[in-house]
Amino acid sequence: LRLSDASREKLAAEYALGTLRGRARERMRRRLREDDALARAVAAWEARLAPMTEAVKPVAPPARLWGRIEKELQFRQRRSLWKALGLIASGAAAALVVVALLLPLQRAGMPASYVAVLSDPKTNQPVLIATAQRNAMVLRVNTLDPKIHVAGRSLELWALPRGAQPRSLGVLAGERSDLKLVAVADRSLGDVPTLAISLEPPGGSPTGQPTGPVLYTGPCVKYW
Amino acid sequence: VAPPAQALDRLLARSALGDRRAFAELYQASAAQLFGVALRILRREDWAEEVLQECYVSVWRHAREYSAARAAPMTWMTSIVRNRCLDWLRRPNPEPLADEALEALESEAAGPLALLESGRDSAALARCLRGLEPKQRQAIALAFFDGLSHGELAQHLRQPLGTVKTWVRRGLARLRSCLETQ
Numbered sequence: 001l002r003l004s005d006a007s008r009e010k011l012a013a014e015y016a017l018g019t020l021r022g023r024a025r026e027r028m029r030r031r032l033r034e035d036d037a038l039a040r041a042v043a044a045w046e047a048r049l050a051p052m053t054e055a056v057k058p059v060a061p062p063a064r065l066w067g068r069i070e071k072e073l074q075f076r077q078r079r080s081l082w083k084a085l086g087l088i089a090s091g092a093a094a095a096l097v098v099v100a101l102l103l104p105l106q107r108a109g110m111p112a113s114y115v116a117v118l119s120d121p122k123t124n125q126p127v128l129i130a131t132a133q134r135n136a137m138v139l140r141v142n143t144l145d146p147k148i149h150v151a152g153r154s155l156e157l158w159a160l161p162r163g164a165q166p167r168s169l170g171v172l173a174g175e176r177s178d179l180k181l182v183a184v185a186d187r188s189l190g191d192v193p194t195l196a197i198s199l200e201p202p203g204g205s206p207t208g209q210p211t212g213p214v215l216y217t218g219p220c221v222k223y224w
Numbered sequence: 225v226a227p228p229a230q231a232l233d234r235l236l237a238r239s240a241l242g243d244r245r246a247f248a249e250l251y252q253a254s255a256a257q258l259f260g261v262a263l264r265i266l267r268r269e270d271w272a273e274e275v276l277q278e279c280y281v282s283v284w285r286h287a288r289e290y291s292a293a294r295a296a297p298m299t300w301m302t303s304i305v306r307n308r309c310l311d312w313l314r315r316p317n318p319e320p321l322a323d324e325a326l327e328a329l330e331s332e333a334a335g336p337l338a339l340l341e342s343g344r345d346s347a348a349l350a351r352c353l354r355g356l357e358p359k360q361r362q363a364i365a366l367a368f369f370d371g372l373s374h375g376e377l378a379q380h381l382r383q384p385l386g387t388v389k390t391w392v393r394r395g396l397a398r399l400r401s402c403l404e405t406q
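In order, the protein sequences belong to chains A and B. Quick note, the first sequence lines up with residues 1 to 224 if you use our numbering. Quick note, the second sequence lines up with residues 225 to 406 if you use our numbering.
Since the hints were derived computationally from the structure, they do not count as laboratory data. Bear in mind that the values here come from a model prediction, so they are computed numbers and not experimental data. Even for Gly, the Cβ is constructed at its ideal location relative to N, Cα and C. Fair warning: there could be bad hints in the mix.
To be verified - Distance condition first, Cα-Cα at most 16 Å in a straight line; then the derived EDC-like pairs of lysine to aspartate or glutamate:
(1) K71(A) <-> E269(B)
(2) K222(A) <-> D191(A)
(3) K122(A) <-> E278(B)
(4) K57(A) <-> E269(B)
(5) K222(A) <-> E175(A)
(6) K57(A) <-> E72(A)
(7) K71(A) <-> E404(B)
(8) K147(A) <-> D191(A)
What the hints assert, rightly or not - Covered, in the sense of this in silico footprint (three residues per stretch, anywhere, with C-beta under 8 Å from a C-beta of chain A), are these stretches of chain B:
(9) 253-266
(10) 380-386
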């Protein structure tokens with residue numbers, strides 16, 4: 001059932017203000033997941049009313065709260081993200097080797113030195129492969145799932161070096177992109193265990209850091 | 225003083241990539257403001273603390289879904305907190321606001337609005353709120369700051385339900401057209 005403009009606006013305003021309650025509120029929640037125009041109307045109302053929160057006096061929460069959050073998220077004992085990715089990588093390692101061998105031999109007639117397989121965390125399906133020769137300044141990106149490209153938005157590829165800020169590797173141009181590296185792969189990917197893709201405005205992130213949702217990540221492995 | 229939106233953007237983006245240190249910084253930069261919002265709606269420190277814990281866990285888990293194109297980071301997190309507070313008040317064993325608590329709201333509702341004059345966005349909003357009829361303004365402020373439902377508004381303002389609903393609806397419509405001309 002489609003909403004008229006007037007009822008969409010009214011529902012969005014009341015939801016953002018907080019007066020939509022009970023079953024109407026639950027229906028609204030379900031609807032928001034599917035109705036993008038409604039979600040945008042709510043976001044617009046939240047932005048309009050947002051300055052009102054500045055008028056609420058900040059109150060420091062009890063110091064124990066952060067500890068409780070860390071505990072619930074198991075920050076203390078859980079494996080680090082990098083190790084977790086490493087585990088996924090070892091599970092996928094056999095597949096990766098096969099992929100590396102089956103990849104079309106590149107210019108020099110040699111198999112790729114660096115291979116990254118990025119997958120969708122929701123489905124665990126690989127969506128993209130990036131490869132580079134150790135002495136080349138080109139990262140070749142092949143899309144496995146063409147559905148990942150969306151009209152009007154850009155996909156930007158990031159290197160996540162150990163203990164440093166993400167570095168942009170460039171914006172994907174289509175199903176096959178050759179991204180120019182700032183230095184040969186051994187230097188630009190040598191200390192990069194993970195690559196990630198974020199969804200960005202057309203042309204890429206305006207800030208030099210990921211601004212949109214991070215959609216795909218995967219290990220980047222050096223083979224030789 | 226609110227941290228700049230761009231700094232929070234980056235902390236959220238880093239959190240989405242699993243960076244715990246960035247998430248800790250995000251918490252440091254935002255917790256007091258969000259705790260203030262939750263405390264104001266829930267009026268009980270233990271509830272506000274519990275809600276905030278849930279909200280930060282949710283922010284960490286859903287940081288990937290945050291889109292800077294759609295909302296400022298603080299707006300996004302505030303909406304998560306406000307929505308969770310309203311859900312909290314709807315739990316099966318509701319402890320409705322006591323009458324005295326409702327009475328106490330009257331004097332406070334004007335307070336936050338006076339504070340709005342400072343920032344630029346907020347000055348526009350304050351101007352537009354001032355342009356509303358006092359009843360509309362009061363109803364909107366009580367709903368936003370204190371999380372009152374239509375029913376609670378009617379009880380507090382001693383007006384029929386239909387009347388307060390109309391105040392809220394017309395007030396919001398006027399607020400929007402006023403903000404569009406600012």
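Violated hints - listed by number, lowest first: Violated: hints 1, 3, 5, 6, 7, 8 and 10.
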